[in-house]
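Using the sequences and the hints given, assemble the complete structure.
No gaps in the numbering here: position 42 of the sequence shown is 217 in this note's numbering, and each next residue is one more.
Just so you know, the hints here were simulated from the structure itself, not pulled from any lab data. All clues stand as given, with none of them false.
Derived lysine-lysine pairs resembling DSSO-like cross-links, with alpha carbons at most 27 angstroms apart:
1) 410 <-> 440
2) 177 <-> 322
3) 410 <-> 435
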Amino acid sequence: MKFSACVTSPFVRHFPAAPIAGAPLRAVDIALNERFSFQVAVRCDAPARLSVSVSAPEGWRARVRRVGLVPLPHHNTDVPSNPADLDGIGQIPGLVPDPLFDETSACVAAGETVAFWVGVVPPPGAAPGEYPIAAEVAPSEIADPAKRIGRTARRTLLARLHNVALPPRSGFDVTHWFYADCIIDRYGTDMFDGRFWEILERYFRDIADHGQNVIYVPLFTPPLDGVKRPSQLLKVSRRADGGFAFDWSDVRRYVRLARKCGLEKFEWCHFFGQWGCRVALRVYEGQGGGGRLLWPADTAATSPEYRDFLARLLPEFRAFLARERILSSSIFHLSDEPHGDEAKANYLAAKAMVNGLAPWMRFSDAVSDIAFGSEGVIDIPVPSVRTALDFLGAGIESWCYYCCYPRGGYIQHLMDTPLAKIAMHGLLFYRWPFRGYLHWGLNYWNLSQTSTPIDPYAVSDAKAWERGWAYGDPFLVYPGEDGPVDSIRWEVFAESLQDYALLQALGISRDDPMLAPIRSFSDFPKAEVWRRRLRRRLFAMAGK
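Okay, here's the thing in structure tokens:
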């Protein structure tokens with residue numbers, strides 16, 4: 176049996192029916208404490224089982240995972256058919272590499288390409304220098320894995336550690352919304368039972384490990400994308416005198432677990448219905464297990480009933496934040512993506528009501544109309560990457576986000592977004608003084624705008640491609656047996672954030688000529704070679 180084995184860049188997808196993509200990767204340039212990845216791609220001329228192992232210097236951590244495949248019925252729409260903006264041309268419809276399984280072997284057929292993802296972390300205190308990392312590919316018979324066939328292939332990658340350490344990223348927050356309801360449904364937990372908390376910890380650690388520092392907190396069931404299954408952390412009961420009793424124990428447990436896992440900031444669920452504060456939040460008796468709402472679902476946002484509830488809740492909420500010492504690290508929302516004059520008026524009315532009760536709260540919401548920022552409707556807007564630079568140009572302090580759109584040449588992390596393009600996130604974020612980045616879908620494993628679960632290994636568009644949703648937009652992690660299964664896109668996004676930290680460590684100006692080719696969120700270098708050369712220049716500066 177003959178087979179080809181190659182160490183390749185992490186920024187190429189190896190489609191099963193295509194030859195091994197890209198040139199062999201010989202060396203990587205990294206900071207002393209920087210995580211990095213590469214792939215081992217193999218193509219055989221006969222059926223075989225392939226096993227991959229990696230040898231790294233003493234103290235280094237190397238993790239091998241098999242690159243899994245998921246079906247994609249179409250390309251995403253509204254993306255130009257060029258390799259800089261669209262991956263898988265000629266391979267989609269078909270199987271797309273994305274989930275990363277904790278497996279070091281795979282069965283392959285003749286003429287099939289399989290890839291393994293290798294993540295590497297240098298040890299604390301590693302010295303600058305060159306370190307070889309060896310990957311071995313051993314073929315064996317499918318029916319008898321113990322019976323070797325052919326020779327073991329050995330490939331070596333040189334890791335060049337440069338004399339600069341990455342500090343923790345500062346001044347730029349990152350959040351992908353986390354859906355506790357999807358954890359409850361997927362793992363069949365009894366709301367917030369013991370198994371829920373065990374699984375939650377594994378997700379929290381994974382989120383923090385990928386550079387995200389903000390976690391969405393479902394104080395109440397998030398009013399996002401339809402009516403969701405109840406997932407309300409705060410226990411609420413009516414008192415005999417007509418007031419309310421609040422039990423903060425599960426909220427406290429959620430917050431403390433997040434901090435234990437390395438998450439630093441807390442993004443509290445929206446207090447009003449989506450798209451413009453028309454209705455009050457759906458608040459359940461208890462935690463929602465019985466499905467009993469405290470008021471009708473169509474209760475007006477500024478109704479006396481809801482105002483009375485907030486008047487009783489918000490002082491206790493502030494006291495809780497103070498006790499947990501997270502008031503200054505909390506982010507508050509009113510309503511997601513308000514748009515239009517009616518939504519603006521409703522938003523202003525709701526904001527005035529809440530500010531009258533809690534003047535200490537400032538609100539940050541996703542919005543694209545610059546009037547919401549220039550008129551002070553939203554305290555800290557989160558504009559789409561399509562209009563975000565207009566907000567900065569007008570002197571409006573803001574974050575940035577994308578959700579399904581814009582596409583075209585814009586930055587995204589969809590199933591057919593080239594990985595080299597995804598790897599540019601960190602550099603784009605650094606280029607302008609945004610305060611953070613928000614994305615709506617870390618683990619949205621539901622049918623679009625419903626509480627009906629789907630299988631994310633089979634469906635990556637919430638079954639709404641024809642309505643404008645995109646393959647890969649709803650989630651970046653898959654559900655494993657007892658915790659998350661990472662995706663290639665999630666790994667590349669995380670590595671890109673290290674570029675932000677590298678630029679900070681070196682004190683590079685956002686206006687430095689080296690970054691001048693990054694002109695907008697759609698006009699920026701999209702070839703892996705450009706980023707690699709920039710990093711080499713940065714490391715050369717660090718060595719002087």
